[in-house]
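Counted the way the numbering used here counts, the sequence shown spans residues 7 to 83.
Read the hints as simulated data drawn from the structure, not as lab findings. Computed from a predicted structure; not experimentally measured. Since no wrong hints were added, every one of them can be taken at face value.
Pairwise CB distance ranges, derived in the manner of DEER restraints:
(1) 12 - 71: 43 to 53 Å
(2) 11 - 63: 36 to 46 Å
(3) 13 - 75: 36 to 46 Å
(4) 68 - 11: 33 to 43 Å
(5) 10 - 49: 18 to 28 Å
For every residue, glycine included, the Cβ atom is placed at its ideal position computed from N, Cα and C.
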Amino acid sequence: FLYPCRFGERGQLHSRIEEWRRKTLVVSHELYNGEHLAVRGQEIRAWAEQHPDDPARLRTVPIPAEIKQRFSTNTEL
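Put together the whole structure using the sequences plus the hints.
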């Protein structure tokens with residue numbers, strides 16, 4: 007946390023794909039309170055599908071090139 011945010015204040019969230027990996031991607035987030043950067047963070051998301059032997063499980067798979075291409079034209083979410 008970089009700047010205070012009080013209950014009831016409205017902020018603006020900026021999210022973007024920071025990095026593509028083979029089976030994961032890094033999404034960065036910045037929350038602004040007015041013109042002040044209040045919060046910065048990131049998450050790692052995995053691309054997954056149902057496991058063929060057990061549909062209750064997931065397994066990671068390579069991110070399709072088409073998905074990367076669609077997001078590369080404008081990485082602002």
